Amino acid sequence: MSTLSARGKGFANAGKIREQYEEIWANVYDVNTNPSGTINLGTAENYVMLNAVTAYINDHINFKGTDVNYGEGPWGSLRLRKAFAKHMDKYFKPHRPVASDDILASTGCTSICEMLGFSLFEPGEGLLLSRPIYQAFQEDFGLLKCIFVPSKGIDQFSMDAIKCYQEAIKESEAKGIKVRAILLCNPHNPLGRCYEPDALVEYMKLCQKYEIHLIVDEIYALSVYKIPGNSNSGPLPFKSILSFDTAQYIDKEYLHVLYGFSKDLASGGLRLGCIWTQNSSLVDSLSAQAFFNQPSNLCETIGISILENDDWLDKFVATSQKRLAECSMVARSLLDEYGIGYNRGASAGFFLRIDLRQFMMKDVDSITWDHERAFQLLLKKHKVYVTDGEGLSSEVPGFFRLCYVKHEAEVRLGLERLHEALSEAGTTGMAEELDEVRMT
Amino acid sequence: MLKKIVTLLLCGFAEATQLLQPAPSLFVNSVDMSTLSQRGAKSAALQHVPWRFAPGGNNRYDKDKNPTGVVAFATAENNLVQDELVKYVNDNITFQATDFLYRGSTNGGAKFPKAMASHINAFFKPFSPVQASDLITTSGLTPMHHLTALSIGDPGDGILVGRPIYGRFELDFGNVAGLKIVYADMDGVDPFGENGDVIERYEIAFEKALKSGIKVKAVMIVNPNNPTGRCYTKDALVGLMKFAQKHKIHLISDEVYALSTFDNKTSRYSSFTSVLSINRTNLISDDLLHVFYGMSKDFGAAGLKLGCIVTQDAALKDAISSNTRFSGPSGMSAAIATKILEDKAFVSSFITLSRERIRDAYVYTTKFLDEIGVQYWKGGNAGFFIYIDLSPYLSGNSSVSMSASDNPEFDLAQKLLDAGVGLHPREEHWEKPAFFRLVFTQERHVLQEGLNRLKSALQSTK
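Sequences listed follow chains A and B, in order.
Under our numbering, the final residue of the first sequence carries the number 440; numbering is consecutive throughout.
Under our numbering, the final residue of the second sequence carries the number 902; numbering is consecutive throughout.
So that you can see chain B by itself, here it is in the shape it has in the complex (with noise of 0.2 Å):
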């Protein structure tokens, strides 16, 4: 065991310039796990696999402060709007005492909870009006899917996702929970509904866990989807709510997205549908349907770290909420989201505006691959990211230095880097090699740098 733990740590070492900024003393050179418990060895090693974390987000670009940075492509954040949401905010917010205190903080004091029912009821068109009692709120949705793996599954229980997905749930439900993700291939197959039998991939991949004697406990979708920016039809959540409750399984539908959608002139697919506003009488009961939602994405507010399930289900509810003290929002943090979500005039115009500047992003972005050749999962229209090919340019030769096992996609990866562009291998983990998650949603200059850099880098590996 802790010869194993040496290697990878040997390995990680190696990829600790490429790690997001390293917690202090993160540059082990002692390997003596000895003082830890064996649960805190293990879930340390598995942050050491390389090519864990996104490259570069500790030697960002700058064109002023840092001109040889690396253009993070990999991290998905919307630098589009967050002037003008800080200027809302220092405009705007006054904070109070009890936004100091415990019952100000916690499951986001009096206020939020009510004041982000009623934004989703605004804009997700629920079948029935979503509650302030339907709402948990922890501080962001890593920890809600952290507390949601540890009450809907035991350790070796599995979570089935299809394929590509956002590369973290395995993290967040794995790290301390133990929860696997389970991959299902998609074979051809639209993953949003857009033709063939989707939900028949899902039956297969859960045949295929229990036969292993993985206890599959929910199925999991990103809609809109991460990384391709695609959206589920309404019959595939339909299809997906009757096979959550044939099996008696959870469904959760992480909705983180929903109003980071765009006009796409070019798609003929379908746009943005919650799950919420499916009638779910006779398809799926209220114990097994869950949305994730929070202020991340749609404000462009990471920053805040509030992230919010939605859910009827009591016993879940009084599971997570025994745990939330744990991953408790901010008094603060729940004040400035409160104020946002009350005013209804500033979040419409927000949002008009979000959605004109992805859009502009995405046209821009996927002009730039079409002129230099590069394909692309098309129809996308949602989302920061483009979903791009860059099979084309692997190279036969596989560098063992960067990685526990030859694999070019990391030599591709680890050449981008080196050109100072930041693209994350194998992250979302499609069934075939070397796609890669583009985050457009950048200062134009930013997103003209890194997109230049990217185009000579793949020249160059011809």
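Chain A with its partners taken away, still in its complex shape (with noise of 0.2 Å):
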């Protein structure tokens, strides 16, 4: 007999992304204390620059008795909120000064999705996600119906992709589903690429015609990189949609960003993020809830002193960005000389998409999400981990996202593993992983 309600045994029966990683968090690798453990090559978090910030709070924080109290409310004290504007008025170059008022903080970027999936939209109506796209989006919102995006060959940064998302809208309207806001992840995950002006122009217009929520997601912002040499025609750098009059183009209902700490500044574990919005209904709906996500008085106080430490953030941010170029170029020449194709073009993020199709199968285009699947089964046997692309919503099979901003060693390491796997995948062609999966 259950305890638990209806939606309850939902939640129970839906832990798969948790378990995934609980089950890998369990068995981290360390190469002192754990080196038979799984190498987390999946995680979007940024090691390298974990001491630095660990270090600047240790020498920096000393707390008020007021931090340990509740605190001026659960949307962030206004000092908090100040700092979170002046930081976007540094960095994002908006078009006029951002406002302490239009910030409401939150347990992070995760957090405000959820509570957006309650202000924005009754169960079942429509989201539309490219892809493909950050694995979580599809369970943050909640029981929305989440619409992929297929941009079927053409370059989803570009202005050309906005037709994708015209008749994504058309074609749920038909099929009865309301469609109430667009997301984007900018720069984006998992592709590591910045939306070109004109298409984010754009965007706010569709938003606009057919009246509906532009969500922006803007967590990666500073997290941008240049390698040296690079041949393409040069990475697109980030513009922040706030940089725009976005007057022209969207009501001020309808535009909302969000940002935080978890990846430009290395402190996922921290649970401090942001949305940015103008529509004063929809703040007055998140108040509702903000309760259930309110940042702790003490991680507002740590939030602060990085965000209003200048010197220290801009040498934060630039080493960042350094360290961003090297692990990237590391990752790279690994993968060139394993002959891994992958996404060349990326210029932010910590992550590469990496093309592992002619090893999983030799006829390319036989290759079916249960392949992926055996693949996976395979990595856990050789203690490696990247995210597949099924869970990203990628249009095709064997696509998967590599998180690579890690010591060298470690990266070098888990390579090599997932080396072996394709290897062993190339000789047995994955027999046993398959019925496993084909069981299951």
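Hint data in this document are derived by calculation from the structure and do not stem from the laboratory.
You may find that some hints are simply not true.
[To be verified] Straight-line C-alpha distance at most 25 Å; calculated DMTMM-like pairs for lysine to aspartate or glutamate:
{"#": "1", "chain 1": "A", "residue 1": "K64", "chain 2": "B", "residue 2": "D637"}
{"#": "2", "chain 1": "B", "residue 1": "K818", "chain 2": "B", "residue 2": "E647"}
{"#": "3", "chain 1": "A", "residue 1": "K64", "chain 2": "B", "residue 2": "D523"}
{"#": "4", "chain 1": "B", "residue 1": "K620", "chain 2": "A", "residue 2": "E122"}
{"#": "5", "chain 1": "B", "residue 1": "K551", "chain 2": "A", "residue 2": "E308"}
{"#": "6", "chain 1": "B", "residue 1": "K551", "chain 2": "A", "residue 2": "D59"}
{"#": "7", "chain 1": "A", "residue 1": "K9", "chain 2": "B", "residue 2": "D726"}
{"#": "8", "chain 1": "B", "residue 1": "K855", "chain 2": "B", "residue 2": "E517"}
{"#": "9", "chain 1": "B", "residue 1": "K527", "chain 2": "A", "residue 2": "E23"}
{"#": "10", "chain 1": "A", "residue 1": "K145", "chain 2": "B", "residue 2": "D504"}
{"#": "11", "chain 1": "A", "residue 1": "K178", "chain 2": "B", "residue 2": "D472"}
{"#": "12", "chain 1": "A", "residue 1": "K252", "chain 2": "A", "residue 2": "D101"}
{"#": "13", "chain 1": "B", "residue 1": "K757", "chain 2": "A", "residue 2": "D101"}
{"#": "14", "chain 1": "B", "residue 1": "K551", "chain 2": "B", "residue 2": "D504"}
{"#": "15", "chain 1": "B", "residue 1": "K482", "chain 2": "A", "residue 2": "E19"}
Because the structure is a prediction, the values reported are computed rather than measured.
Now that you have both chains on their own, put them together as the hints suggest.
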């Protein structure tokens, strides 16, 4: 006899992503203490700046009595919101100064997505997402209909891709699904590229036309890098949506921006993020949920200390971008050595999209999602993890996401293990693993 | 629907000055909710009920910086030990790199659950030891209430509680999860089991709810009780366990004030007993008994935002865990709490100190109330508050300006607020009017100032 509600039962059965990570985190590779652990090359964290931010916090923090109390309210203290605003003024080149009143703080962007899901959508209404896209969005917004928009060979960061979204809206409406929002991840996870400015304008106009919301997740805003001698035309620099005179293109009720500490500031454990919005009724609605996602006051103090220290932060960002480039070059050269294809045009984020198709199966066009799942089992056996394309809603199986912003030795060993797994796949055709996948 | 929202918002507008610091754009000029979902608009409107939030939070009295501010008697913080706690944290904490990672924060990281389980085992005298795996951790108990609600009830289902009780359960269980709090009348019976048959009160309320079409999914107590500072007798706890088992509903014991107890020599009432200390064999099954606990009260550390459910119900743990990433505790808070809890000598001396100071403040406050002739729930031996009876000061006149309905309790609360005293009307849902929870765990000079203002304000109502 179940003691749970109907929706509780749904939640109890839904734990796939969580269980996968719990398993990995329970047996994390460490060169000294756990060399047989799993090397995690699938979680997008900035491991190479951890010591810098940890050292800074340990040196600078001096908590006050009020830090342990309830604080000003669930939207974050005024000082924190001002600090976020100033940070955006400095780095996002906004068209007009960002107002602290337009910012709400929360326990990370994940929390804000959940709240937006409740405030902007009835259950079953539609959210348009790119393909591929960060794997958790499809779970973060609640019981929505997530519509993954295929770009069918068109460069999805260009203006040309807008028509794919327009088509997706029309198709959804024809099926009786009301589309309520488009979510753009810019810089993009997992493709590591930035949207063209013209494209951003077109998305705003599209949303205005259909009276739907545009949610822009800019969490990787400062996690951009330059690969010296990159033979492509050069990566597009990041341009925040706030840098446009957005009033020309979209009503203020429809535009929302997400940002936080987890990526640019290597502080996912801080649980601190924010939404920028000028929709006052949305703020009102978010306030009814904000108590469930209220940041810790001590973390607000830490966050304020980071954002207000211009000198330290400038150096941190510059160092981070330098190290992102270095890590990317290491990963690229290793991938080149192994003959693994990847998206050379990437210039942002902590990841590359690697093409493992030819190793998984000789007849590349016959690869199925079962082959991906089988390969994940093989990777588990070889104690290495990369994010599968299925989870990322890739259009075609066989593309994985490699997160490489770690110390070189670990990335090197991880790719060795990956390569061994690929070799085994080539030899055995993953027969055993495919059987296992097909049985479950 | 829109007209109703407009009315509530306009009434709420006047209340905005008494709210906790408002959300940045809460002074809503436009009432256009058309860009929101209906459920989003509805839950926004729920916040604008008059006196929904504790008054005075954004205009707090400070002897030097804000002498005309409000002495906030309505927020249950323990200000008496925060300096000791912060000093300990500043002197002893060194953060590790893992605290900044997802794995260092999710579910409290690797160490906090063990440290908390060990703390509970040391202080709650559990019948069988609590394991780290019995705990799920979120960013405070407020989100834990919400996640529990999502998991055990469907919209419209009920949670049965006795009167009086903490007033914000209706927000925590209701705003998103859509559960109703069903308040059981005590009708002269002692709510904590000292006289009369309190379980019968719950049976009556359960039947009444059933008849009105509400499926009750859990019975919930706060023990030690908020707002009265009283503790349940062991018999009452056993009775509640049997009651829950009989109806196959959950029993949730919110024990967040477990260690905030003090020796009240004038009290003949029970001291604190945890449900965990009772041998539950043949009383209630493991999948129906759950405890809430956290760092906010006993350690005066609401700012850490760490709360736990303690349960052996695997299905409930799975359901809650599915959603904890939305209300994830921070790695830094987990690191701080772990350090505190693992230092048993510090915990022991801190709790002892806290109890002494709570007791001193209780004695001081009750003496003052006795002198000015204000009645209150006697015999409290826990918590930060006294539940006071201001019904003699109600006036028959009602002024409509502040409330959607005529209510002399709101008028009285407004008079007190005007006099610089923040007390929250009707928040704890007692059966009789004009009872207010007075939080006395403040710095002595603030407490004195507030009590003096209360005295003058009450005198001027006569």
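Hints versus structure:
In summary, the hint linking A/K64 to B/D637 is not supported, as the alpha carbons are separated by about 47 Å, beyond the 25 Å threshold. Between B/K818 and B/E647 the alpha-carbon distance is near 31 Å, which puts this suggested pair outside the 25 Å criterion. Of the supplied pair hints, the one linking A/K64 and B/D523 holds, its CA atoms being roughly 8 Å apart against a limit of 25 Å. Pair hint B/K620 plus A/E122 holds up; C-alpha atoms about 21 Å apart against a cutoff of 25 Å.
Taking the CA atoms of B/K551 and A/E308, the gap is about 31 Å. The hint is violated against a cut of 25 Å. The hinted pair formed by B/K551 and A/D59 meets the criterion: a straight-line CA distance of about 23 Å does not exceed 25 Å. Taking the CA atoms of A/K9 and B/D726, the gap is about 18 Å. The hint holds against a cut of 25 Å. Between B/K855 and B/E517 the CA atoms are separated by roughly 24 Å; this keeps the pair inside 25 Å, and the hint holds.
The suggested pairing of B/K527 with A/E23 is violated, with an alpha-carbon distance near 37 Å, which exceeds 25 Å. For the hint pairing A/K145 with B/D504, the CA-to-CA distance comes to about 55 Å; that exceeds 25 Å, so the pair is violated. Our distance criterion of 25 Å between C-alpha atoms is met by A/K178 and B/D472, whose separation comes to about 20 Å. For the proposed pair A/K252 and A/D101, the alpha carbon gap of about 14 Å is at most 25 Å, so the pair holds.
Restraint check: the Cα-Cα separation between B/K757 and A/D101 comes to about 37 Å, which exceeds 25 Å; the hinted pair is violated. Taken as a hint, the B/K551 and B/D504 pair is broken in the structure, with Cα atoms around 42 Å apart against an allowance of 25 Å. At most 25 Å may separate the alpha-carbon atoms for a hinted pair to count; B/K482 and A/E19 exceed this at roughly 34 Å.
Figure legend: structure checked against the earlier numbered hints; hints not met, in rising order: 1, 2, 5, 9, 10, 13, 14, 15.
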